[in-house]
Amino acid sequence: MNVSLLDIAHARSGDKGDTANVGLIALKPEWYAVLAKYVTRDVVAKHFTGVITGGVERFELPNLKALNFLLHGSLDGGGTLSLKTDAQGKVFSTALLRLFIQVPDAEAAAIGLPATTVTRS
Amino acid sequence: MSANGEKIVRVAGGQGFWGDWLEAPRRQVEGGPVDYLMLDYLAEVTMSILQKQKERDPAMGYARDFVGAMESVLAAVADRGVKVIANAGGVNPEACAAAVLAMAAQKGAAGKLRIGVVTGDNLLPRIDELLAAGHELRNMDTGEPLSVVRDRVIAANAYIGSTPIVEALGKGANVVVTGRSTDTALTMAPLRYEFGWGADDWNKLAAGIIAGHIIECGAQCSGGNCMHEWRTIENLADVGYPIVEGKSDGTFVITKHPNTGGRVSVPTVTEQLVYEMGDPHSYITPDVVADFTSIQLAPDGKDRVRVFGIQGRPATDKLKVSIAYRAGYKAVGTLVYAWPDAMEKAQLADRVLRERLDRLGLKFEKVLSEFVGANATHGPLAGPDAGRDAPEIQYRIGVRGPDKKAVERFSREIVPLVLNGPPSVTGFAGGRPKTEEIVAYWPALVDKTVVTTKVEVIS
Chain G
475 MNVSLLDIAH
485 ARSGDKGDTA
495 NVGLIALKPE
505 WYAVLAKYVT
515 RDVVAKHFTG
525 VITGGVERFE
535 LPNLKALNFL
545 LHGSLDGGGT
555 LSLKTDAQGK
565 VFSTALLRLF
575 IQVPDAEAAA
585 IGLPATTVTR
595 S
Chain F
5 MSANGEKIVR
15 VAGGQGFWGD
25 WLEAPRRQVE
35 GGPVDYLMLD
45 YLAEVTMSIL
55 QKQKERDPAM
65 GYARDFVGAM
75 ESVLAAVADR
85 GVKVIANAGG
95 VNPEACAAAV
105 LAMAAQKGAA
115 GKLRIGVVTG
125 DNLLPRIDEL
135 LAAGHELRNM
145 DTGEPLSVVR
155 DRVIAANAYI
165 GSTPIVEALG
175 KGANVVVTGR
185 STDTALTMAP
195 LRYEFGWGAD
205 DWNKLAAGII
215 AGHIIECGAQ
225 CSGGNCMHEW
235 RTIENLADVG
245 YPIVEGKSDG
255 TFVITKHPNT
265 GGRVSVPTVT
275 EQLVYEMGDP
285 HSYITPDVVA
295 DFTSIQLAPD
305 GKDRVRVFGI
315 QGRPATDKLK
325 VSIAYRAGYK
335 AVGTLVYAWP
345 DAMEKAQLAD
355 RVLRERLDRL
365 GLKFEKVLSE
375 FVGANATHGP
385 LAGPDAGRDA
395 PEIQYRIGVR
405 GPDKKAVERF
415 SREIVPLVLN
425 GPPSVTGFAG
435 GRPKTEEIVA
445 YWPALVDKTV
455 VTTKVEVIS
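So the protein lines, in turn, are chains G and F.
Numbering of the first sequence is given in the working numbering, commencing with residue 475 and proceeding in unit increments.
Numbering of the second sequence is given in the working numbering, commencing with residue 5 and proceeding in unit increments.
Please keep in mind that the hints were generated in silico from the structure rather than gathered at the bench.
Accuracy of the hints is not assured; some may be wrong.
Unchecked claim - No farther apart than 25 Å at their CA atoms in a straight line, the calculated lysine-lysine pairs in the DSS-like style are these:
#1 175(F) to 458(F)
#2 367(F) to 306(F)
#3 370(F) to 564(G)
#4 452(F) to 175(F)
#5 251(F) to 175(F)
#6 306(F) to 502(G)
#7 564(G) to 324(F)
#8 452(F) to 324(F)
#9 408(F) to 438(F)
As the list claims (entries may be wrong) - Far from chain F, some chain G residues (derived; all Cβ distances over 10 Å):
#10 504
#11 508
#12 510
#13 513
#14 517
#15 519
#16 555
#17 558
#18 575
#19 576
#20 577
#21 591
By construction, the Cβ of each residue, glycine as well, lies at the ideal position given by its N, Cα and C atoms.
Extracted from the complex, chain G is given alone in its bound form (with noise of 0.2 Å):
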């Protein structure tokens, strides 16, 4: 099944020098082992393709049901330097949220997981 992570998650993004941060946060507590197993390092970095210039890392923090994301070189520099609109990062969140997963069918309705309303993919 086709999954948006608008659907799932919410998230909030922010800045330490040139690499943005994203806490993306379960919108159900059961739905976090979903984004802790699809939501890979590798699934984020294709992701942001062409948008950051650096590597991603990735921790878990179960007791929040989130994940947090370390985008480096995603920033034009950083701070003052970036000539970017969103030097600070403040809306990678938004930007992670466009990515879509999927998941079997029946891991999927085990958890009442949304299937996508969301026309794009």
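For this one, chain G is given, so just place chain F on it according to the hints.
Using the frame of chain G, we list chain F on its own:
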């Protein structure tokens, strides 16, 4: 005190950065009981701005908004015992304290303020001494030694922790003004002071730091900038700023005053917890290394979230240093193209402008074009059709480089496009964009032993 006689200390967050809502500090001391008002003014680049101001006028170099904030809460501090903790001192805490005392004197309350002034974070006068002694002050991100940019350094401040603030409170201060304190220490220090936590009480110190992290961005934990069910967050016009209700065991509740807007819930607090997060296992501060994977959150009634289970580890033997250096110049200009074919026109304008810059032989470190309305925030993730048939597109182009004259020349090339570029263009009322000097941030580490803080209480 709570109903069962257990001591509760209330720390209210009143500013999340220099430029935050001017109404917030007064609303925090008038909306209900609070013991401390915490005001965070310093972002990474703020110290360099303040350093430039101090170079022009030796009596400046602090967050001037703080004087107005103190005036707005003066009665609560002078007559009701509310204490204020702020890193408003910037690069000149003494001048900041003097300005607050002068304001209080005008209001007839000078005798009621005892201002604790924390200094010792400023390493600018000692840079060469430190480099000579073998402290390389390497950039934590790039690994380069500071010697690469030494001649362009304009500010250098160590991030200091809770200890000097606790000392100032112990000496009877009811207002504490610091320079480059960590944001989180401003909240942890009063909890540590009130509950007598030891300097090696790692779990409790970590809890105080995490309480600080939650409220250091003001309303960003109480419904502001909150994505979770944002349409249902009520009355943001009247948003309540956050309050920590701390207990001696290190557990605390995040809440806000009754009859205010916004929301405090597990999702609103979680969004703030992950904000600007690095490795969650190791949130390093001068006082303690806090573990964000230990944090437990639970709803505790309307607009209340209980926070518990927090673990910490011993602090490292280093302090982070915020160094600012001159890093060239930049300018950013914009034009707005209207329907039809707004995106195509804006893209043509970009090609024309870049060709003219090339012919002028102008060299830049970076030229960045964005099309606001299509791809400025999400870039290629917005898809190949982004901007197609948009009602309007803002064309935004910026350059940066070491050559000030080249950047200034660039800034004169934008407005001519209104008459000699693609059609249906407007939005140029600002004229030529301003050429700005870039002051960049250089994070480094230094041994704790080289930084000595000083606390003085003046009245």
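Closest CB of chain F to the CB of residue 510(G) still more than 10 Å away: Nearest chain F Cβ is 13 Å from residue 510(G), so the label holds.
Restraint status (C-alpha distance of residue 408(F) to residue 438(F) at most 25 Å): Between residue 408(F) and residue 438(F) the Cα gap is close to 11 Å, so the pair holds against 25 Å.
Given as non-interface: residue 591(G), partner chain F, CB spacing beyond 10 Å: It holds; residue 591(G) is separated from chain F by about 17 Å at its closest Cβ, greater than 10 Å.
Given pair status - residue 564(G), residue 370(F), alpha carbons within 25 Å: holds, 22 Å
Consistency of the no-contact label for residue 558(G), given chain F and a CB cut of 10 Å: The claim breaks: residue 558(G) does not keep its Cβ more than 10 Å from every Cβ of chain F (closest is about 7 Å).
Assertion that residue 576(G) lies outside the chain F interface [Cβ separation over 10 Å]: holds, 18 Å
Exclusion check [residue 508(G) not at the chain F interface, CB over 10 Å]: Answer for residue 508(G): holds, closest chain F Cβ roughly 17 Å.
Non-interface claim for residue 575(G) versus chain F (Cβ beyond 10 Å): The assertion about residue 575(G) holds, with a minimum of 15 Å to chain F.
Given as non-interface: residue 517(G), partner chain F, CB spacing beyond 10 Å: holds, 14 Å
25 Å limit on alpha-carbon distance, applied to hinted pair residue 452(F) and residue 324(F): Roughly 9 Å between the alpha carbons, so the hint for residue 452(F) and residue 324(F) holds.
Claimed clearance of chain F by residue 504(G), with the beta carbon kept past 10 Å: Given that every Cβ of chain F is farther than 10 Å from that of residue 504(G), nearest at about 15 Å, it holds.
25 Å limit on alpha-carbon distance, applied to hinted pair residue 452(F) and residue 175(F): Holds - the C-alpha atoms of residue 175(F) and residue 452(F) are around 24 Å apart, at most 25 Å.
Checked against the numbered hints given earlier, this structure breaks hints 2, 16 and 17; the rest are met.
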